[in-house]
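First to last, the sequence lines map onto chains F and U. When we follow the numbering used here, the leftmost residue of the first sequence carries the number 1, and every step to the right adds one. When we follow the numbering used here, the leftmost residue of the second sequence carries the number 202, and every step to the right adds one.
Treat the hints as calculated values from the structure; they're not laboratory data. Cβ coordinates follow ideal geometry from the N, Cα and C atoms, glycine included. There could be a bad hint or two in this list.
[Unchecked claim] In silico DMTMM-like pairs for lysine to aspartate or glutamate, Cα to Cα no more than 25 Å straight-line:
{"hint": "1", "chain 1": "U", "residue 1": "Lys254", "chain 2": "F", "residue 2": "Glu163"}
{"hint": "2", "chain 1": "U", "residue 1": "Lys254", "chain 2": "F", "residue 2": "Asp128"}
{"hint": "3", "chain 1": "F", "residue 1": "Lys192", "chain 2": "U", "residue 2": "Asp250"}
{"hint": "4", "chain 1": "F", "residue 1": "Lys113", "chain 2": "U", "residue 2": "Glu224"}
{"hint": "5", "chain 1": "F", "residue 1": "Lys73", "chain 2": "U", "residue 2": "Asp283"}
{"hint": "6", "chain 1": "F", "residue 1": "Lys142", "chain 2": "F", "residue 2": "Glu191"}
{"hint": "7", "chain 1": "F", "residue 1": "Lys141", "chain 2": "U", "residue 2": "Glu224"}
{"hint": "8", "chain 1": "F", "residue 1": "Lys109", "chain 2": "U", "residue 2": "Asp285"}
{"hint": "9", "chain 1": "U", "residue 1": "Lys269", "chain 2": "F", "residue 2": "Glu163"}
[Claimed, not checked] The following label-pair restraints were derived from C-beta to C-beta distances:
{"hint": "10", "chain 1": "U", "residue 1": "Glu275", "chain 2": "F", "residue 2": "Lys116", "range": "52 to 60 Å"}
{"hint": "11", "chain 1": "U", "residue 1": "Arg239", "chain 2": "F", "residue 2": "Arg104", "range": "17 to 25 Å"}
{"hint": "12", "chain 1": "F", "residue 1": "Arg57", "chain 2": "U", "residue 2": "Arg219", "range": "18 to 26 Å"}
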Amino acid sequence: MIQPDRSGQQHELDPQRWVEIHGDVLMGYAMLRVRDRDLAEDLVQETLVAAWNARDRFEGRGKERTWLVGILKRRIFDFYRRRWREQPATALSADADGDQMMDRMFDEKGMWKDEKPQVWADPRRALDGKEFMEYLELCLKKLPARLAEAFTLREMEEVDGNEICQALGISATNLWQMIHRARAGLRRCLEKNGFGSLGKE
Amino acid sequence: MLNCKETTQLASDRFERRLTLTERMNFLMHIMMCPFCRRFSRQIGWLHDLFHKASTLPDDQLAAIGQKLPLDRERLARALRDQDRQ
Numbered sequence: 001m002i003q004p005d006r007s008g009q010q011h012e013l014d015p016q017r018w019v020e021i022h023g024d025v026l027m028g029y030a031m032l033r034v035r036d037r038d039l040a041e042d043l044v045q046e047t048l049v050a051a052w053n054a055r056d057r058f059e060g061r062g063k064e065r066t067w068l069v070g071i072l073k074r075r076i077f078d079f080y081r082r083r084w085r086e087q088p089a090t091a092l093s094a095d096a097d098g099d100q101m102m103d104r105m106f107d108e109k110g111m112w113k114d115e116k117p118q119v120w121a122d123p124r125r126a127l128d129g130k131e132f133m134e135y136l137e138l139c140l141k142k143l144p145a146r147l148a149e150a151f152t153l154r155e156m157e158e159v160d161g162n163e164i165c166q167a168l169g170i171s172a173t174n175l176w177q178m179i180h181r182a183r184a185g186l187r188r189c190l191e192k193n194g195f196g197s198l199g200k201e
Numbered sequence: 202m203l204n205c206k207e208t209t210q211l212a213s214d215r216f217e218r219r220l221t222l223t224e225r226m227n228f229l230m231h232i233m234m235c236p237f238c239r240r241f242s243r244q245i246g247w248l249h250d251l252f253h254k255a256s257t258l259p260d261d262q263l264a265a266i267g268q269k270l271p272l273d274r275e276r277l278a279r280a281l282r283d284q285d286r287q
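Same shape as in the complex, but just chain F (with noise of 0.2 Å):
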């Protein structure tokens, strides 16, 4: 692709250096949702090459960032899509969606257990986004994969929820109970590793 630079000439735009601007950036964004190195770095190459091949149809039309990360963005949902239909059907019992997680936070009344939440300190000053998914991390881990997945998609990726109930093949109301499972495990987590009091400092 010929592009002019700020003089105004026209220069050939040249792989190493569109590796340079873009590649940490992608690699940062894919990491914050996938939290495997490997994969985040496979997803940012496929993402690179995808848009490299149909850059003469993008040429200038808003931000190349933009575009890029729209990019990447699919090739996230996609990958999870994929993996999802994979997966063997046993693999999406009830139990690995967190049954057993949710057993051990309420009784068969429905009542809170030993483990009742705690009063937590506001933590939204005390944290970034970035110091916040360094907490996380630990706690995704220990949630079943698929909850982890699903919650990172429609949390973070903002993913319509639609769109993950087809990829997923459940309904609205499953969806929402996964969600909701995924955010309580996390909460406990939390918790348990002193996340309520860092907003006291």
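Since chain F is already given, all that's left is putting chain U on it; use the hints.
Here is chain U on its own, set in the frame of chain F:
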């Protein structure tokens, strides 16, 4: 009267859909009396805000995360050049 399990489900559902009038009334009745569900409800709201913050990190912060996981830039650039050869 809702139990705590049902109440926390509704607390979570508020981020996914609009609750019905009955659900909202039952929810409010329960959290008025139950400090644990009240805490739960407030805390997941804070977490929701923090998720939003994390999902909208500015580019320089994303780059800082990316830099810690050094990309194999040579390999990537090569992959792009290879595309042009095909």
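Here is what the structure says about each hint:
1. As the CA atoms of Lys254/U and Glu163/F are separated by approximately 23 Å, the hinted pair is consistent with the 25 Å bound.
2. Between the alpha carbons of Lys254/U and Asp128/F the distance comes to roughly 7 Å, so the proposed pair stays at or under 25 Å and holds.
3. Only pairs whose Cα atoms come within 25 Å are accepted, and Lys192/F paired with Asp250/U is accepted, the gap being roughly 20 Å.
4. About 24 Å separates the Cα atoms of Lys113/F and Glu224/U, which keeps this hinted pair within 25 Å; it holds.
5. Simply put, Lys73/F and Asp283/U have alpha-carbon atoms about 24 Å apart, close enough for the 25 Å limit, and the pair holds.
6. Of the pairs offered as hints, the one joining Lys142/F and Glu191/F holds, with about 14 Å between alpha carbons and a cut-off of 25 Å not exceeded.
7. A threshold of 25 Å between alpha carbons decides the hint, and for Lys141/F with Glu224/U the separation of about 32 Å lies outside it, so the pair is violated.
8. With a CA separation close to 64 Å, the supplied pair Lys109/F and Asp285/U exceeds the 25 Å bound.
9. Between Lys269/U and Glu163/F, the direct Cα distance comes to roughly 33 Å. Violation of the 25 Å bound is thereby established for this hinted pair.
10. Separation of Glu275/U from Lys116/F is about 54 Å and conforms to the stated range, judged on CB atoms against 52 to 60 Å.
11. The supplied range of 17 to 25 Å is met by Arg239/U and Arg104/F, whose beta-carbon atoms lie about 21 Å from each other.
12. Taking 18 to 26 Å as the suggested C-beta distance range, the pair Arg57/F and Arg219/U does not conform, at roughly 40 Å.
Going through the hint list in order, the structure does not satisfy hints 7, 8, 9, 12.
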